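Peer 1: Take the sequences, apply the hints, and build the full model.
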Amino acid sequence: MAEIDDLISDLSNSDLYGTCPNCRKSSKLSEFVMFSSTGEFPEEGKKSKDAYEELFKNKTEDFQTQIKRATEGAEKTSKAVGFGKTIEKMIHLHKKFNIPLEDCRFLAEPLDVIVFNGAAGNNVDHITFMEIKSGKASLNKHQRMIRDAIKDNNVKVEEI
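Numbering (this note's numbering), first residue to last: 369 to 528.
Any given hint could be a false lead.
[As the list claims (entries may be wrong)] Listed below are the simulated DSS-like cross-link pairs for lysine-lysine, each with C-alpha atoms no more than 25 Å apart in a straight line:
| # | residue 1 | residue 2 |
| --- | --- | --- |
| 1 | Lys427 | Lys415 |
| 2 | Lys447 | Lys436 |
| 3 | Lys415 | Lys393 |
| 4 | Lys519 | Lys509 |
| 5 | Lys415 | Lys425 |
Calculated from the structure, these hints are not laboratory results. Note that this is a predicted model, so its numbers are computed, not measured.
Peer 2: This is the structure:
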């Protein structure tokens with residue numbers, strides 16, 4: 369490997385310039401630490417290598433932690449969404465719901481339930497559009513538009 373050592377020696381003693389791939393700074397090659405990968409690392413090279421290996425190890429550990437958190441978060445969210453979709457289908461059947469089952473119609477989308485208050489007694493006095501949420505869940509854009517249309521009395525009954 370004398371040829372490689374000779375090349376490194378020639379480059380180290382030349383007036384040639386090189387650009388650092390990290391900082392893009394141009395410097396004389398004689399200012400760089402150059403060595404053959406077939407031999408031992410020079411002390412400066414060992415320090416840099418060790419520093420980069422430690423940085424790589426830390427970044428890898430951080431990345432693995434982020435993947436684990438993201439996976440756990442996605443699993444929790446998925447379970448919560450699945451649980452919520454199941455509950456919204458059955459909530460009007462719960463004894464503490466306090467609305468007669470005969471008054472409720474399950475829709476699922478865009479809102480969960482329409483309650484025809486009084487339908488069980490053949491006396492509907494008002495209609496309630498119901499969206500069931502839990503935790504920090506909130507209405508989506510489409511559901512907010514429906515809510516606003518109802519609040520603004522933009523509701524019609526059409527017979528076809």
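Peer 1: If a hint holds in the structure, say so; if it doesn't, say that too.
Peer 2: Evaluated hints:
Straight-line distance between C-alpha atoms of Lys427 and Lys415 comes to about 18 Å, which keeps the hinted pair within the 25 Å bound. For the hint pairing Lys447 with Lys436, the CA-to-CA distance comes to about 16 Å; that is within 25 Å, so the pair holds. Between Lys415 and Lys393, the direct Cα distance comes to roughly 21 Å. Compliance with the 25 Å bound is thereby established for this hinted pair. About 15 Å separates the Cα atoms of Lys519 and Lys509, which keeps this hinted pair within 25 Å; it holds.
At roughly 15 Å between alpha-carbon atoms, Lys415 and Lys425 fall within 25 Å of each other, so this suggested pair holds.
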